[in-house]
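Take the sequences, apply the hints, and build the full model.
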Amino acid sequence: MSALAGVRVIDFGQYLAGPFGPMILADLGAEVIKVEPVTGDGMRPVTKPFVGCQRGKRDIALNLKDPRGLEVALRLVATADVVHHNMTVGVADRLGIGYEACRAVKPDIVYCNTFAYGREGPLAHFGGLDPLFQASAGIEWDQGPVAAGNPPLYLRFGMADTANAFASVVGCLLALLHQRRSGEGQELWTSLLDAAQWLEADALLVDGAPATRPILDAGQHGFDAGYRLYPTQEGWIQVAAATPGQWRALCEVLGCPEHADDPRFADLGTRASAAASGDDEVGARLAERFATRTALAWSRLLDDAGVPNEVVLDTKEGELVLFDADAERLGLVAEYHQGRLGRLRQCGALVTFSDTPVRIDRPPPRFGEHTREILTELGFEAAEIDELHAAGVVASPPADYPWPT
Amino acid sequence: MTDALGGLRVLDLSWGPAGALGVLLLAEHGADVIKVEPPGGDPLRGYDGHAVWNRSRRSVTVNLQDPTGLEAFRRLAATADVVVETFRPGVADRLGIGYDTLAAVNPRLVYCSCPGWPEGHRRDGRPGWDALVQAASGQQWEQPGWRPGPVFLAVPLPSAAAMWLVAAGTLAALVARERTGRGQHVRTSLFQGVLAYTTQIWSWVPDGGFGYHAVMAKTHPPGIHQEMVFEVAGGAWVHTSMMSGLPPKRSMDEVVGVGAEPTDAARFGMLSEAERAEFTARRREAYRRWERDALVTALREHNHAVEPITSAAESLGCGGRPHPQLTANGMVVEVDDPALGRTTQVGVPVHLLGTPGRVRAPRPAAGAHNAEVFGELGYTAEQIAAFTAAPGDPAVATGTVPGAEAPTGSEVDR
Chain A
1 MSALAGVRVI
11 DFGQYLAGPF
21 GPMILADLGA
31 EVIKVEPVTG
41 DGMRPVTKPF
51 VGCQRGKRDI
61 ALNLKDPRGL
71 EVALRLVATA
81 DVVHHNMTVG
91 VADRLGIGYE
101 ACRAVKPDIV
111 YCNTFAYGRE
121 GPLAHFGGLD
131 PLFQASAGIE
141 WDQGPVAAGN
151 PPLYLRFGMA
161 DTANAFASVV
171 GCLLALLHQR
181 RSGEGQELWT
191 SLLDAAQWLE
201 ADALLVDGAP
211 ATRPILDAGQ
221 HGFDAGYRLY
231 PTQEGWIQVA
241 AATPGQWRAL
251 CEVLGCPEHA
261 DDPRFADLGT
271 RASAAASGDD
281 EVGARLAERF
291 ATRTALAWSR
301 LLDDAGVPNE
311 VVLDTKEGEL
321 VLFDADAERL
331 GLVAEYHQGR
341 LGRLRQCGAL
351 VTFSDTPVRI
361 DRPPPRFGEH
371 TREILTELGF
381 EAAEIDELHA
391 AGVVASPPAD
401 YPWPT
Chain B
1 MTDALGGLRV
11 LDLSWGPAGA
21 LGVLLLAEHG
31 ADVIKVEPPG
41 GDPLRGYDGH
51 AVWNRSRRSV
61 TVNLQDPTGL
71 EAFRRLAATA
81 DVVVETFRPG
91 VADRLGIGYD
101 TLAAVNPRLV
111 YCSCPGWPEG
121 HRRDGRPGWD
131 ALVQAASGQQ
141 WEQPGWRPGP
151 VFLAVPLPSA
161 AAMWLVAAGT
171 LAALVARERT
181 GRGQHVRTSL
191 FQGVLAYTTQ
201 IWSWVPDGGF
211 GYHAVMAKTH
221 PPGIHQEMVF
231 EVAGGAWVHT
241 SMMSGLPPKR
251 SMDEVVGVGA
261 EPTDAARFGM
271 LSEAERAEFT
281 ARRREAYRRW
291 ERDALVTALR
301 EHNHAVEPIT
311 SAAESLGCGG
321 RPHPQLTANG
331 MVVEVDDPAL
341 GRTTQVGVPV
351 HLLGTPGRVR
361 APRPAAGAHN
371 AEVFGELGYT
381 AEQIAAFTAA
391 PGDPAVATGT
401 VPGAEAPTGS
411 EVDR
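Chains as they are written, first to last, in the numbering used here: chain A, 1 to 405; chain B, 1 to 414.
Check the hints yourself; a few may be wrong.
Said to hold, decoys possible - Here are the simulated EDC-like cross-link-like pairs (lysine to aspartate or glutamate), alpha carbons at most 20 Å apart as the crow flies:
| no. | chain 1 | residue 1 | chain 2 | residue 2 |
| --- | --- | --- | --- | --- |
| 1 | A | K65 | A | E100 |
| 2 | B | K218 | B | D207 |
| 3 | A | K65 | A | D93 |
| 4 | B | K218 | A | E319 |
| 5 | A | K316 | B | D207 |
| 6 | B | K218 | A | D314 |
Simulated from the structure, these hints should not be mistaken for lab results.
Computed from a predicted model, the values in this text were never measured in an experiment.
Right, here's the structure in full:
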């Protein structure tokens, strides 16, 4: 049995920031039912990100604006532990699936709404996508880096979306544990704004002024000569000489031991200060030396000398990781058959458990794939189910199913 | 008002942000967290960000190389619900504080490990510093920069993802414990943090039909979202975006006053490549005529999605007011740190309305709670002084293990 066996989650979310959280709950073993509009999740036509946040779920297509559809939704909620979605402020209440409506049918429900900005306040009525919150949090500023004179730079990892999804997972689990211990459910929320800011948690003010933090150089190599990327004769290498001994060994391996004794570069702190004040003499010198051999050759020499380093891997958009034997053996890869796409391979277990194994074996559902199955479980007769289909209240996959997923 | 995690005790053996911030999510929802440090303190204490990572907990120091210290730690672990550690795989076992040892005494213990590389991976013996995991996982190669080649990620992404996994994995195991009555070993890693943040862009299908790989592909220069970054007056920046969730009153181009043609994406798309370049230059020029905050206000008044691009310090109020919505969300908090003094820090990012989280306390000094915590276990002041100090420290009254070496940076992750 998996860690969250016996936990049922109803996922009313669409796009990315909403559905990704319930997918992680499914990875952890929860039974997740995706309630999709009869017009389809707006993300379905964009296959790659869609399959990135939907595996492990069953799917019912339901028109919440029809009273019979709403009734089905609330009957589902009555069987659930957690409700999760990313509708903007007020929308769920208007649809009739707000916290109070859900609590009325399931008094101990854990109810999670994720927002762009927040639940109340000056910008709470706005929705918003990931880039806004990479901007507000300082992520683009730091990656530019603007402090070194570059424009700000957007990161393509969906930082705020993903952080928000994980914040909502933590929130749901906190509330669920409390519910299991006390019998009481509750409402909770997260936002892209707050979760993105948390990625910059080490930024703090001391007496109103910024605390000391390492900043990236204009060439986007790293923080200082001992903790940065270097291009080599072939390929790139990342070094991490943290201790004075490792710094000395790095300088010796690179054939410039005189830098090991230079007080400007003696330790992490002074190297970072030197780099921040534009003194990159030692970095430039090491870069010259690195250009004379391949990354792999330097890596072997640095390994022998005890200097932490790695050759930078180009995974070909993940292919080398997804077909890596260690990753497969450790369950860090998942594969299933995905409709017209065929084999679909994705990242697997983000957490593993010694006593409650992780099983990630259910592909993203087709639109309405489990509508009949779920309605039957709720006690609807076949004739009623046909009638709901005919009236457009629910939907199952059409014969000429248009989407690859 | 009760706390979500009231009555649960967590021992935090971690160094660095992934473990400490994962634990912080538990601490600020009511867990009794005790940070367990080597004599002299966690070596990262000199870093200012440490004050945020390690707030809302108590601190003890203990010399695990001293048999009495090791025994004291094990007795403490017998009272705990959770242990979090970030040593390289194998190190905790060598120290005598591995999962099997502690669970033999306390089978309800949830033990969460977060090394750089997962145990059993061929790299699990190599140093697990954040940037090394960025490099060898391939994550640095995914980010387009201002030059070809991999880019160092300024925000330590593997750690900043693994912190969520530490909290989520631990909580999931605590939920399971309510059902099974048993604890277990929960494992994640910085490498799995990388996977968490690349799930959307790392997937594989046999032939990539349906334009599968075109969406979200890495491009030079960086793609569509980067094109919506604009410089404004005085070298400041804004990021505009699609989809505010509200109906626009006028187009962005109209609000900004670009003039002469396109007023929306559809009309822009109908231009020839040369016309687009010409119009883009005109558009960028129009943005540069605006003062940042006035432009943000004007665009928002017309229901457009926009944010000033700020440093994290400015978001927290450096040089002015904090981001107004961060303030409304209670995300800007004042904390008196014993070492740094008056600080402004990020708040609690998960908002439980029934059992709200809050900052409990500033970061403790190393060993501030030695007497309190070990006193509760029945140790005398003399005994505590002996096993909480470093070998060679004059406070040490009794001997250490003959031949034992203190842990070094090269043995311990991050």
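Checked hints:
1. A:K65 - A:E100: 18 Å, holds
2. B:K218 - B:D207: The given pair, whose Cα atoms are some 18 Å apart, holds under the 20 Å limit.
3. A:K65 - A:D93: This hinted pair holds, its Cα atoms lying about 12 Å apart.
4. B:K218 - A:E319: 14 Å, holds
5. A:K316 - B:D207: 14 Å, holds
6. B:K218 - A:D314: 12 Å, holds
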